[in-house]
Structures are given as structure tokens and as C-alpha cells.
Amino acid sequence: MAAKRHVIVGGGTAAINAITSIREFDQGASDIVLVAEERPYSRMVLPYYLGKRISRSHVWTLSPDRLAALGVTTQIGRRATALDTAQQRVTLDNGETVDYDDLLIATGSSAVRAPVPGADLPGVHSFWTLEQADGLIAEVKAGSEVVLVGAGFISFTILNSLVKLGVRLTVIELAPTILPRMIDPNGAAIVTRWLEQHGVTVQTGVRLNAIEEVAGRKRLVLDGGGELSADVVIMATGIRPNLGWLEGAGLEMGRGILVDDHMRTSAPNVYAAGDVAEAFDRVTGQRALHAIEPAAMEHGRIAGANMAGVDRAHRGTVLMNIVDVLDLEIASFGLWDDADAESVAVEKPSQWAYRRLLWHGQGEAMTGAIIIGISEHLWATNDVGILKGLVQDGQPMGAWKRAMMDNPWELKRPFVATGHVGRLLQETVLGRPSTPADEVNAARWVSPEAAALAAQTEV
Amino acid sequence: MKVLHIEPEKCTGCLRCEVACSYVQSGEFNPSKSVIRVSAFERGHTSFSPYTCFQCAEGWCMTACPVEAIDISAVGAKEVQDDQCVGCKLCTLACPYGTIFYDPEREKAFKCNLCGGDPQCAHACPTQAITWIEDFTQDWTGAFAAQRSAADLARIGATNGR
Ligand SMILES: Cc1cc2nc3c(=O)[nH]c(=O)nc-3n(C[C@H](O)[C@H](O)[C@H](O)COP(=O)(O)OP(=O)(O)OC[C@H]3O[C@@H](n4cnc5c(N)ncnc54)[C@H](O)[C@@H]3O)c2cc1C
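For the record, the sequence lines run as chains E and W.
In the numbering used here, each number is its position in the first sequence, counted from 1, plus 1333.
In the numbering used here, each number is its position in the second sequence, counted from 1, plus 491.
No lab work stands behind these hints: they were computed from the structure.
Being a predicted model, the structure only gives us computed values, none of them experimental.
Please note that a few of the clues may not be correct.
Under the rule of at most 25 Å between Cα atoms (straight-line distance), these lysine-lysine pairs were calculated in the DSS-like manner [what the hints assert, rightly or not]:
id	chain 1	residue 1	chain 2	residue 2
1	E	Lys1497	W	Lys599
2	E	Lys1385	E	Lys1337
3	E	Lys1385	W	Lys493
4	W	Lys524	E	Lys1681
5	E	Lys1474	W	Lys493
6	E	Lys1474	E	Lys1497
7	E	Lys1337	E	Lys1474
8	W	Lys493	W	Lys524
9	E	Lys1385	E	Lys1474
10	W	Lys501	E	Lys1497
11	W	Lys501	W	Lys599
12	W	Lys524	W	Lys501
13	W	Lys493	E	Lys1497
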């Protein structure tokens, strides 16, 4: 019998995790073909490359040696252009086809620019791929005047690096507050003040109408007649999942590809993971398009296990983000923006500290949180991770809820006293202890789980 | 496998573990750089317990890392490789116990690495509240915390009419 052939399209976080997960269970008993437009690298470390904290070579993930050790055949530099789910076949941009026994779609997302005249002028950048990072790095210098269009999470991941590079920075945002999909207006006000104190100009509620080229510089024309000039413009105005190549494939779609708790799409033997997958959220139990690294990691590992024939269900990803601006840490978890929640918000202005805790539907389980604080203070506590633990575990807090509403600065005692640690210690994503990724290889050994399953299906 | 076994009943809150830990981890006597952290579980600061990484089976920090900067050491510690860590803090977000931190000076994540197999917190503890012995990792403090905080909790409930 020929070995099963897994085809994986995309070479990002979800793909890497799926590959190592398949090998964690089958150690080489199957064929894996990786089709990836770019050589595998981590998008989310690009801000540190921009900020010169790491070298360019630090962004690579699966090296050719690692891929070989994992027993992966590669088609790198190739784009998938079509999917035929009846024939179980993927078409590539050079016209070649690859047949699969099962397929993982992990093509991630792309940056989208605000649809204004001049958005494609030279000197206007996106920051999502390595190529785009290289393009921006070649142009920004200490003293450059930079306008960052959009004050969302991605914008903030590069803001720190830009400031450290010594640029003169202005951030403009259409919404009334910065980080509108990550923190509430109270939190945004604190962060805005912090930025202004550190020499960053912030303008919110501002619509960009056009970008013009004037004597080698850019002029940004704003709604209401305002203008800004810049050497470099960066558009961080949103992302969109890369689904174009799946047109006509007939997969059920929402905002992304709809998947079940095994990361299966509506087509047989087709899985999806990462930014393209509309998968379960841990708190709501509903599908959502999260587009965060931890989702891509969990999706990839679950998809990989199931592709290896080991039945694993995903309990859903906790939506979470963290970013720092000049040593002010900002994080949010779960349903931090829930209109149907009881909530408490507290601030210590002198310490730039802020917290909001939310309890959906007046319930006893904490369902969301926002935390802001100066690095030095925040990391002297256990609170960032504890908020994640509380949201992830989702257990009723009983009388401790009242204690937390009274004093949201004390999280550890309620967390520990309600037995969260014991429950959380039982939980693993794959139902077994994790193996460090760099210890996984293709030694042609089959795990007991996969062997048992193969024996069952052969009968 | 040896684990850091914690018996909160024996903890006096002296913080010697924190001081010893911060010194081996960061070269400074500075409890805020310690990765073992003692807190009070009863009002009036009477019942204390140390709290540090459980070296959990999932290794949420390890699996979250986008650049594979966290490994499992020979003694079973999830360990940050400084030369690999980019300081993105995804691990601090993923860890549901709050036991991995970020050092803004070094721009790296840091956590308990079991001192390479000779944990200094256990040496420093004068009452054997922390010992380094063969066992399974577990929730060392939950029941203790629930019991010692029960009176406080009843008081909070009473003042709020709930
Ligand atoms: C600057 C930046 C900072 C970020 N910071 C954070 C952060 O701090 N926290 C966080 O949670 N998330 C962050 N993210 C988001 C995170 O990187 C993504 O959620 C994650 O990479 C998604 O993984 P993925 O595998 O779904 O897609 P990706 O990692 O984007 O990989 C997709 C892959 O598919 C390939 N591909 C696309 N189309 C095709 C095709 N048709 N054929 C073949 N190959 C194709 C691409 O080349 C790429 O290799 C950041 C992203 C960026 C860009």
C-alpha cells in the first residue's frame, strides 16, 4: 500500500505546526508535500527585524535541512492557483498538479491598503511580508518623517521599532480611538497620552482621502482639508485571508473557510488552519476569524493530528493580543469588548495602570479582560498569564467574582483559590505532553495512537 | 522526574527563595527578577505560598513560540534560549499560569529553568516549604489558598450583601 500523501499549501505558522504534528504522531509513515509561495519564515517576528533587534536570517523557520529531517518534499516558490476537491488535486502556477489524499489549506492573509488615490505610489508601504519589510527597511532612516496609517494591532507591533529607529512618527486612525479592536476607549486614552509623552503624534477620527507625490515627498490629504507630509507612508489598514485561489472550489465560506473542531472543511479530506480558517473561539464556542499566531499554532497542530489519523478535537482559541509601546504593555483577552457583560474597570493614573474584567451575561465566569501597565511593574506580577488562564478555563468564580470586582488588582489569590491550576494542568492541545518542535523528525516510526487507528481501519 | 514540590503550610513568607532565585537568574538581589513569587493568601499577610512554573505537560510557552526559542532541558524544564528569543511575549500571553515573564532591559522572556537541576529556591528555603524531589507536578497551593482565604471571602460577601 502506498503511503498516504498529505499536501500542505502555505509555509507559515499553521503549516509548520501541522507538519511537526503529523510527524509527532507518525514519524515518517506518510508523504508530506509542502507547496509554499515563499521560503518558510515567521511573519510575526518581522517587527524585530525592522527594529534591528534580530538579523534577517533570524526570521527563517523551516530550513531545507529541517524539512529534509521531517521528510517533507517541497515545492517552494510555487503558488497554488486552483483546487479540485472531486479529483483531490491542487494546480500550481506553473501548470503542474499535485494530487492529495488529504490537503491542508494554510495560506494566511495579505495586507489590504485603504482604497485611496495614491495608495500604490512608491514610498507607500505595507508591512506584512518579508519582502515588504525589506522594502520599508531600505527607506526608513533616523530622522525620516513617517506616517503610519491605521492604529490597529499590526501598526502597533511596528510602532516601537520605528520609534527606536529614530523616525519622526505620526499615527492616523479613522476610528475615534487607537487600537479599536484591541482595547476600550479608556485604555486607548492612556496609551494615547503615553505615546504623546514619548513624542509620537496621534490623530484619531481622521479619514485619509488621497496620497500625492510632491517633490519626492508624500502629501497625505485628509478629510476636512488637513494635510500631512511624509518621507515614508505605511498603510496598516487591515488584512484579508488569501482565499482567491479557492474560487470555484466549492468550500463553505464565511469570512474565512468554515471548519469544524477537527479543522475539517466542508470538502472531504480538506482541512484549513490559521488566518484562513473560521474556527471555534474558546469563550463563545462560535466560529470566528481570529488571525492571530496562537490560533494558527493550535489549528495547525490539531489539523496535523487528524491528518495523521489521530482523532483530536480543538477546544477553541482564546482571542488574545499583547503589544508594548516604549515599555508600556497592553494586552487583551477573550470578550474584552462585550456589550452584554458585567464589567469593572480601574485605573492608577500615576502608574499608567489600567484593567477591565468582564463577565458575560452577568455570569460567574470571567470571559474577557484588558490589562495595561509599565513593563517593570507588570512583569513583577503573574497577572498577564493569569488573565489568560481565567479566560481559558472559563470556570465559575463563585464568591471570588465579587472579590475581583472589588479589587481587580488582586488576581492571583482568586485564580489559585478556585483551583484553576489543577484543572489547567490536565489540558494539552494534542492530548499528550508536547514535544519540542526541533526534536520532531521523520524516523519512520509510527506512534502507538496512529498504529492502533491503522489496525482498526484495516479490519 | 524531579519537581519543585511546594508545601505552602510550611512557608513563612520570608522571601529567601525570591532573593536566591533573582540572584541566579539575573545576577541581582531583586525579587522582581525572581521567577518564583511568594504571595499572601490571607488578609493580614499570614498565609503564604511560593508560586512558580509547573513545567506543565502542554508547555504553552514552548508551543506558542514562533521561533522555537523554548526547549525542554535535561531536567525537564521548559527553558528559554536567549539567543533565539526575539522578545515578542507570545509565551507570556499563552501561559495560563502567569509564570513566564518579560525582561524589558534584556528584551527577552524569562522563566524558571530549575537552575539546571539544582534549584536555588529549594536550597534557600529554611523550612522545606520548597523541596526538589521525585513527584508529579500538581496544583500545590489551590486547596491551601481556598482554605486560608475562606474567612476573607466570607467577609467580602457579607459587606456586599451577596
Ligand atoms: C508584522 C506582523 C506582526 C504580527 N504580530 C503578531 C503578534 O504579535 N501576535 C499574533 O498573535 N499575531 C501576530 N501576527 C499575525 C500572525 O503572524 C499570523 O496570524 C500568522 O502568521 C498566521 O499564520 P498562517 O500560517 O495562517 O499564515 P502565514 O504565517 O501568513 O503563512 C501563510 C503562507 O502561505 C503562503 N501562501 C499564500 N498563498 C499561497 C498560495 N496560493 N500558494 C502557496 N503558498 C501560499 C505564504 O507565502 C505564507 O508562507 C503578526 C503579523 C505580522 C505581519
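For each hint, the structure was consulted:
Between Lys1497/E and Lys599/W, the direct Cα distance comes to roughly 17 Å. Compliance with the 25 Å bound is thereby established for this hinted pair. Restraint check: the Cα-Cα separation between Lys1385/E and Lys1337/E comes to about 43 Å, which exceeds 25 Å; the hinted pair is violated. Pair hint Lys1385/E plus Lys493/W does not hold up; C-alpha atoms about 40 Å apart against a cutoff of 25 Å. Between the alpha carbons of Lys524/W and Lys1681/E the distance comes to roughly 23 Å, so the proposed pair stays at or under 25 Å and holds.
With a CA separation close to 52 Å, the supplied pair Lys1474/E and Lys493/W exceeds the 25 Å bound. Only pairs whose Cα atoms come within 25 Å are accepted, and Lys1474/E paired with Lys1497/E is accepted, the gap being roughly 11 Å. This hinted pair does not check out: Lys1337/E and Lys1474/E have alpha carbons roughly 51 Å apart, beyond 25 Å. At most 25 Å may separate the alpha-carbon atoms for a hinted pair to count; Lys493/W and Lys524/W meet this at roughly 24 Å.
As the CA atoms of Lys1385/E and Lys1474/E are separated by approximately 12 Å, the hinted pair is consistent with the 25 Å bound. Between the alpha carbons of Lys501/W and Lys1497/E the distance comes to roughly 47 Å, so the proposed pair goes past 25 Å and is violated. Between the alpha carbons of Lys501/W and Lys599/W the distance comes to roughly 33 Å, so the proposed pair goes past 25 Å and is violated. Proposed proximity of Lys524/W and Lys501/W is supported: the alpha carbons are some 23 Å apart, at most 25 Å.
Simply put, Lys493/W and Lys1497/E have alpha-carbon atoms about 43 Å apart, too far for the 25 Å limit, and the pair is violated.
Of the numbered hints given earlier, the model fails hints 2, 3, 5, 7, 10, 11 and 13; all others are met.
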